[in-house]
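Q: Below, each chain spelled out in residue letters.
Protein chains: 4
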Amino acid sequence: MNKNRLEAFSDGVIAIIITIMVLELKVPHHPDFSALLPLWPVFMSYVLSFIYVGIYWNNHHHLMHAVKEVNGGVLWANLHLLFWLSLIPFVTGWMGENHFETGPIVAYGFVLFMCAVAYSILIGRLLAHHGKNTTLAEAIGSDRKGKISIVLYLLGIALAWFAAWLGFLVYVGVAVMWLIPDRRIEQKVVEEEAARL
Amino acid sequence: MNKNRLEAFSDGVIAIIITIMVLELKVPHHPDFSALLPLWPVFMSYVLSFIYVGIYWNNHHHLMHAVKEVNGGVLWANLHLLFWLSLIPFVTGWMGENHFETGPIVAYGFVLFMCAVAYSILIGRLLAHHGKNTTLAEAIGSDRKGKISIVLYLLGIALAWFAAWLGFLVYVGVAVMWLIPDRRIEQKVVEEEAARL
Amino acid sequence: MNKNRLEAFSDGVIAIIITIMVLELKVPHHPDFSALLPLWPVFMSYVLSFIYVGIYWNNHHHLMHAVKEVNGGVLWANLHLLFWLSLIPFVTGWMGENHFETGPIVAYGFVLFMCAVAYSILIGRLLAHHGKNTTLAEAIGSDRKGKISIVLYLLGIALAWFAAWLGFLVYVGVAVMWLIPDRRIEQKVVEEEAARL
Amino acid sequence: MNKNRLEAFSDGVIAIIITIMVLELKVPHHPDFSALLPLWPVFMSYVLSFIYVGIYWNNHHHLMHAVKEVNGGVLWANLHLLFWLSLIPFVTGWMGENHFETGPIVAYGFVLFMCAVAYSILIGRLLAHHGKNTTLAEAIGSDRKGKISIVLYLLGIALAWFAAWLGFLVYVGVAVMWLIPDRRIEQKVVEEEAARL
Chain V
1 MNKNRLEAFS DGVIAIIITI MVLELKVPHH PDFSALLPLW PVFMSYVLSF IYVGIYWNNH
61 HHLMHAVKEV NGGVLWANLH LLFWLSLIPF VTGWMGENHF ETGPIVAYGF VLFMCAVAYS
121 ILIGRLLAHH GKNTTLAEAI GSDRKGKISI VLYLLGIALA WFAAWLGFLV YVGVAVMWLI
181 PDRRIEQKVV EEEAARL
Chain R
1 MNKNRLEAFS DGVIAIIITI MVLELKVPHH PDFSALLPLW PVFMSYVLSF IYVGIYWNNH
61 HHLMHAVKEV NGGVLWANLH LLFWLSLIPF VTGWMGENHF ETGPIVAYGF VLFMCAVAYS
121 ILIGRLLAHH GKNTTLAEAI GSDRKGKISI VLYLLGIALA WFAAWLGFLV YVGVAVMWLI
181 PDRRIEQKVV EEEAARL
Chain F
1 MNKNRLEAFS DGVIAIIITI MVLELKVPHH PDFSALLPLW PVFMSYVLSF IYVGIYWNNH
61 HHLMHAVKEV NGGVLWANLH LLFWLSLIPF VTGWMGENHF ETGPIVAYGF VLFMCAVAYS
121 ILIGRLLAHH GKNTTLAEAI GSDRKGKISI VLYLLGIALA WFAAWLGFLV YVGVAVMWLI
181 PDRRIEQKVV EEEAARL
Chain H
1 MNKNRLEAFS DGVIAIIITI MVLELKVPHH PDFSALLPLW PVFMSYVLSF IYVGIYWNNH
61 HHLMHAVKEV NGGVLWANLH LLFWLSLIPF VTGWMGENHF ETGPIVAYGF VLFMCAVAYS
121 ILIGRLLAHH GKNTTLAEAI GSDRKGKISI VLYLLGIALA WFAAWLGFLV YVGVAVMWLI
181 PDRRIEQKVV EEEAARL
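Residue numbers (full-length UniProt numbering), protein chains in the order written: chain V, 1 to 197; chain R, 1 to 197; chain F, 1 to 197; chain H, 1 to 197.
It should be emphasised that the hints constitute simulated quantities derived from the structure, not laboratory data.
Chain copies aren't distinguished; within one or between two, either way the pair holds.
Cross-link-like lysine to any residue pairs, in silico, SDA-like; alpha carbons within 20 Å at most:
{"hint": "1", "residue 1": "Lys68", "residue 2": "Arg125"}
{"hint": "2", "residue 1": "Lys145", "residue 2": "Leu155"}
{"hint": "3", "residue 1": "Lys147", "residue 2": "Ser120"}
{"hint": "4", "residue 1": "Lys3", "residue 2": "Ala139"}
{"hint": "5", "residue 1": "Lys26", "residue 2": "Phe110"}
{"hint": "6", "residue 1": "Lys145", "residue 2": "Gly72"}
{"hint": "7", "residue 1": "Lys145", "residue 2": "Trp76"}
{"hint": "8", "residue 1": "Lys26", "residue 2": "Leu39"}
{"hint": "9", "residue 1": "Lys26", "residue 2": "Thr102"}
{"hint": "10", "residue 1": "Lys3", "residue 2": "Met64"}
{"hint": "11", "residue 1": "Lys26", "residue 2": "Phe83"}
{"hint": "12", "residue 1": "Lys145", "residue 2": "Gly73"}
{"hint": "13", "residue 1": "Lys3", "residue 2": "Val67"}
{"hint": "14", "residue 1": "Lys3", "residue 2": "Leu63"}
{"hint": "15", "residue 1": "Lys145", "residue 2": "Ala195"}
{"hint": "16", "residue 1": "Lys3", "residue 2": "His61"}
{"hint": "17", "residue 1": "Lys147", "residue 2": "Arg125"}
{"hint": "18", "residue 1": "Lys147", "residue 2": "His62"}
{"hint": "19", "residue 1": "Lys3", "residue 2": "Asn58"}
{"hint": "20", "residue 1": "Lys26", "residue 2": "Val42"}
{"hint": "21", "residue 1": "Lys145", "residue 2": "Leu48"}
{"hint": "22", "residue 1": "Lys147", "residue 2": "Ala158"}
Chain V extracted, bound-state conformation (with noise of 0.2 Å):
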């Protein structure tokens, strides 16, 4: 079975949930300025989760590239990530709408919790599929960053119960770690192994 398809389909899911997401950017009634004021959090809100579905389709995109087929259990796990995924709108607009505080900070890293254990579930089933000594293998590595960023979700999330802000904070560093181009940080990550030794 080739993964054309589930290229195609996962970008038309990905596709509509990064711009659906605009749609919660409700359009003012008063032409001033002023107006666009009271969309500060969602605008916020919407950037960042802006850039994590970016990030999600170019690891999807740079994942699949080295992929040579697929089977039911990666079409499956394929459809368990987009799932969470489409939550991001939802708690997106939960957390604008409601100015950063707890309960929508902890929703939020909830999902994106979920998102990454979904993703690296896929990582799994692709492995299983092709095997330990392929280029798929080679590509992925230890997928250090994916590890990370599971540990840092459960941090925000445990953080945003003391201040949602803090919470946030930390969403937002993973997302940077994840903008930094890769050979840069897994450089800096070796330095700092090597430091501690």
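Knowing the structure of chain V, use the given hints to seat chains R, F and H on it.
A: This is chains R, F and H only, laid out in the frame that chain V set:
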């Protein structure tokens, strides 16, 4: 006429169907977790429908994989299937907003029933175009699961008149039947038939 | 310039148009079947528009199949067609919400008329780019159905001023004319012309 | 890394952006034609934005046609462009609902300005990846139109503070500049420059 655009168009429509359902999860106006509680039935409906649409995409993917070319009849049979799939968000929303009462459960079952009928019409059109002794015919086989599903949807609709949750349970059961990997369930069916004889 | 992205983009836009129309079917707040009754005109409008958009996708598919390459003029003629198609959800919603009165019926016919005009402009652009003695020109033929449709839309608009349902009937008739497989209707037209002489 | 998925994903996002704008055309509750009158500014905004998104899709199509392969920087530059394009429905809605007053006109111009900046960043990323002496560099040329547009958007924003309709006129002018086939306008620019010397 080749099948690529039919696949691409179906992927697009199914991707939109699966994603607009999440819009029924209305963003709560309070930041407390308790604000998520009333969304429970909407969320449950969303999960079930996401799985159903995922099953259809999966099956469509498998079916079209074995297809060589399409004609006008196939295009319309495919659009007919997409029409009934497009009603899933509507009945999902109705079911979610009305807490699994008879009306919405019957309507949901009816749309699932029509989707299944439309899918078997699509199979029929494809077989008529390709002939009985092809890889497509082998790939489809006796379509036992499809036929069982149609009967079970009718059973679910009938049961919903007595107790709505019974109908809902049947629909969940059909979804589970499709989620279990093919070979195992087919072996089971074969074993059960052997046991009966 | 190749045609693949034009096809993919058109598929995307048409898939979204066909799917967002279903959002006009507002989820009822009561679980009784009687709550579905007021949705009847909206549903009827949805079915007709789904068929029309399906016909356009089908014809677009056939047309582009014979196309070798596209230029800037073709891209814009295609966007012009997509523009008028994108107004179908609006007039469908208006027609559905206002129970087939003159205003919405005329507006619906006008949009169908403009879609048909845009489609024939697209054909013109493609023929100008490919030349008259090509497989494309043969595939299009005299485009008799397209020309008949344009006249019938105008007839429907005119009739709607006397009785709205007459206009609606004409639009249904045009859709039926396109649904009937090509060869049969072309033979019919030929026979009728022969009978007249 | 090949460019196919970047094209497919961009097509998906742009197709959704161009289509969800029509949702701002709220279905009137009266069947009279007079009910369409208040929609006039919304419709005008929709037409202009449809043309702008169409221009971006067209240019993206041309640009990517000459591209051989993409890297991480290009993927993010493309997502950055899609981000600003995704805000077009919002400012379109604001402009349409508030009858072309200064606030929305300035906001609309600002988003167009950022789209143009993002597009030129994308061009920069592609040139950095492909090198200066390639078919891509030739296809882009001096990107004179792109640079003129950026200046004109700023002019439109400045004029909108004095009279909103002046800003609107400038945006219409830029769209017209892009709609006129390339060679003619480039010849004109060349002639005008020759005339000045």
